[in-house]
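Line by line, the protein sequences are chains A and B. With my numbering, letter number 97 in the first sequence gets 97, and the count goes up by one each step, no holes. With my numbering, letter number 352 in the second sequence gets 352, and the count goes up by one each step, no holes.
FYI, nobody ran anything at the bench for these hints, they're computed from the structure. A couple of the hints might just be wrong.
Have a look at the derived ranges for each label pair, beta carbon to beta carbon [to be verified]:
#	chain 1	residue 1	chain 2	residue 2	range
1	B	Gly-11	A	Gly-23	44 to 52 Å
2	A	Arg-17	B	Leu-349	29 to 37 Å
3	A	Leu-111	B	Trp-334	47 to 55 Å
4	B	Arg-357	A	Gly-23	33 to 41 Å
5	A	Ser-15	B	Thr-465	56 to 64 Å
6	A	Glu-83	B	Ala-3	19 to 27 Å
Not everything, but these chain B residues come out facing chain A in the computed CB check (under 10 Å) [stated by the list, open to error]:
#	residue
7	Thr-364
8	Ala-367
9	Trp-370
10	Arg-493
11	Pro-494
Sample of chain A residues with no beta-carbon within 10 Å of chain B, all distances over it, derived [what the hints assert, rightly or not]:
#	residue
12	Glu-159
13	Leu-183
14	Arg-218
We put the beta carbon where it would ideally sit given N, CA and C, even for glycine.
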Amino acid sequence: MYELSGVTKTYRKGSSRVTAVAGIDLTIPDGQLVAIQGPTGGGKSTLLQLLGALERPDSGAVRLAGDDLAKASDGRLGRVRAETIGFVFQGFNLIPTLTARENVETALVPLGVPTQERRSRAEAALAQVGLADRAEHHPSELSGGQQQRVAIARALVKEPSVLLADEPTGNLDEGTRDEIIGLLEGLWRERGLTVVIVTHDSAVAARAERRLTLKDGRVSG
Amino acid sequence: MFATYLGRELGKRRRQTAIIAIGLALAVALVMIVSAIAAGVRDAQTKALEAVYGVGTDITVTQAAAAPTDGDGGPRMQFDFGADAGTSADGSREIATTRLTPAIGSTAFDADAIRTAAGVDGVAAAAGGLTLQNLSFSGQLPDIQQRPEGGEQGFAPGQGPGFDVGGGADGSGGSSFGIESFTVGGVDVAQPTVGPLASTTVTDGRALEASDAGAEVAVVDADYATTADLAVGDTIEVGGTPLTIVGIAASTSTSGAGADAYIPLDTAQALAGLDDQVTTVYVQASSASLIDAIATGLKAALPDATVNTQAELASTVSGSLASASSLITSLGTWLSAIVLAAAFITAILFTVSGVTRRTREFGTLKAIGWRNSRIVGQVAGESLVTGLIGAVAGVVLGIVGIVVVNAISPTIAVGGQAAVGQQGQGGFPGGGGGGFPGGGGFPGGGSFAAASSSDVVLSASITPTVVLVAVGLALLGAVLAGVFGGWRAASLRPAAALRTVE
Ligand SMILES: Nc1ncnc2c1ncn2[C@@H]1O[C@H](COP(=O)(O)OP(=O)(O)OP(=O)(O)O)[C@@H](O)[C@H]1O
Ligand SMILES: [Mg+2]
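All chains should be built: construct the whole structure from the sequences, respecting the hints.
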């Protein structure tokens, strides 16, 4: 359960200031699938960073399960990211030198999961996204859709309560897009996750329970 | 995960890893080679000093050569070939003639100086020495009825073993002749611990003894004995008189001060026609602390004499080596410092730029909960392994370099100015060897060895300390690179993961 109140985030670029998020009040109940849309530069990614404990807001409160991320220490934010939040990026962000399985395992490293368990959990997560037979492949040997599946497995292997995705289908063709959205939707239903997806794609947004539009750092609709 | 990730990253960035490692390796190798050579020079210095101090003489008294009065005793050696010299056969004459004179740079002076020196306060012993050069000429000359202008032919001393002159100017037949030269040391047989004999050890036969005074005996230097094919029991002609060789002695001095043959002082005086004359007085001090005072006393008592102390001579020898050493050391240190600095800067810049290129990667890891310390550790680990590779490669390279240096075995010339010598007139350049940057020449000239400088062969040696220091430097470079790279990685924000553009 997210509770945001009066959240602002301003970026300073030289002498000019850009208010990316300009006072957002927002509540996302547990287990909701939310799609965030809006014009480019509207503050979607910034909001996702605040939800994902990557950044602290300049003012306001971002409560996750009652915990105010705005006041948490770096270490605490790191722990929240490691334990509670799964991230999926537009560019997949896999580590090119590691195999699919090893990439998934990186999510378990900060949790101190023993090597053997790490391995079996990673393999199970890959199986769940349909890539059991690609576990030992490097990212360069996988298609975009397969890479994003690995990234989803990495986000979910730690069994987070929140999944945040910033344009997860932005780099994919239409067929693959539907495949990935289908996968995310299935996992959401299966696990009862809170899912926030930033997307430009109305077809994707149409699948969500709730749709928000961000424009000039404010929520409308 | 740490090791897997580290290995894969180094493997992927092979070129960056190689550049950093090679830079560090070069620095390591250079540091090793330079310090090994510097250590070699120090060793050589110690050896040269030991050789000088090994002689049982603290102070030498000599006399500067007076301007030659009638050509005799000057550096120009002359032979008289009168019409009566040699025997005539086939229109040419067989000639064999010998000259025994004070060696180049030596001047004979009255032996009263020995007694005067012995009387100076603090002197434990004073012994005379007569340093002579035996020049013998043998061969055939065309029978010239009339003596050439002046009737003399001059030869520079120390010329080669022989030369042929094909045909005289008047066509009266060819000439063939040879000049042989060796040095003769007349030594005080009653005082074998003072003077040049003190720095020799008998390898065959016996040493000269007090009872040899006035006897026609000689002890021959081992090197000369080999060259001239002489053994105990043979005879050696000195000033035309055959002397029985009773012993072979090896010089323990590397400074090249020693005669080819040692004979009793009074025998030498008689053969050279220099009764009661010496070229050097060897003085032993009763205490090392008195040496300066004695030198002052000797100068006062013998105003015409040149007084040299061991310390002065030693500093000449070691001074030249020290300057070679400091040249190598400072040159090498600068070179090492520059290469080391370049290697460090390269390592740091490459590591930092490598981390910057991995902004998104590290941002992603931070976004999924990796702590800063883990990412910094990863960067530092990569850097350290690179440093280790560089260190190992550098040690191998350094050892190869040192082996090569030893194979070339560069030499440093140490002037033949030793305890028994006197300040040489006209120095000779020491033979710098092997293109080695320190092998400069310096003036020398000993009374017993008119033209000998000994080359000290440099041996660069590898010590565990040097290897450890070198490896430590490579790792220091790696740690520095790791610190800067890690600092850069730590400063990356997790939100960098969302920058979509690769
Ligand atoms: N790190 C930053 N430094 C400076 N300005 C930033 C930074 N991140 C975002 N901004 C600015 O904040 C505003 C909102 O950016 P944000 O990335 O949140 O938009 P977005 O809605 O995700 O856009 P897009 O659809 O193009 O991804 C933009 O004007 C952007 O330039
Ligand atoms: Mg965005």
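Quick rundown of the hints versus the structure:
Between Gly-11 (chain B) and Gly-23 (chain A) the CB atoms are about 49 Å apart, so this pair conforms to the stated range of 44 to 52 Å. The given range of 29 to 37 Å is respected by Arg-17 (chain A) and Leu-349 (chain B), whose C-beta atoms sit roughly 34 Å from each other. Between Leu-111 (chain A) and Trp-334 (chain B) the CB atoms are about 53 Å apart, so this pair conforms to the stated range of 47 to 55 Å. For Arg-357 (chain B) and Gly-23 (chain A), the Cβ-Cβ distance of about 37 Å falls inside the hinted range of 33 to 41 Å, so the restraint holds.
About 58 Å separates the C-beta atoms of Ser-15 (chain A) and Thr-465 (chain B), a value consistent with the hinted range of 56 to 64 Å. The supplied range of 19 to 27 Å is met by Glu-83 (chain A) and Ala-3 (chain B), whose beta-carbon atoms lie about 25 Å from each other. Annotation: Thr-364 (chain B) was flagged as interfacial toward chain A, and the flag holds, the nearest CB pair being 4 Å apart, inside 10 Å. Interface restraint check: Ala-367 (chain B) against chain A, minimum CB-CB distance 5 Å, threshold 10 Å, status holds.
Satisfaction of the interface hint for Trp-370 (chain B) is found here, the shortest Cβ-Cβ separation to chain A being roughly 5 Å, below the 10 Å cut-off. Hint status for Arg-493 (chain B): holds, given a least beta-carbon distance of 7 Å to chain A, under 10 Å. Given hint, Pro-494 (chain B) at the interface with chain A, holds; its Cβ is 5 Å from that chain's nearest Cβ, closer than 10 Å. Annotated as non-interface, Glu-159 (chain A) keeps its C-beta farther than 10 Å from every C-beta of chain B; the closest such distance is 13 Å.
Remark: the non-interface label on Leu-183 (chain A) is consistent with the geometry, its nearest Cβ contact in chain B lying 19 Å away (cut-off 10 Å). Once the 10 Å rule is applied to beta carbons, Arg-218 (chain A) is consistent with being away from chain B; the minimum gap is 20 Å.
The structure meets every hint from the earlier list without exception.
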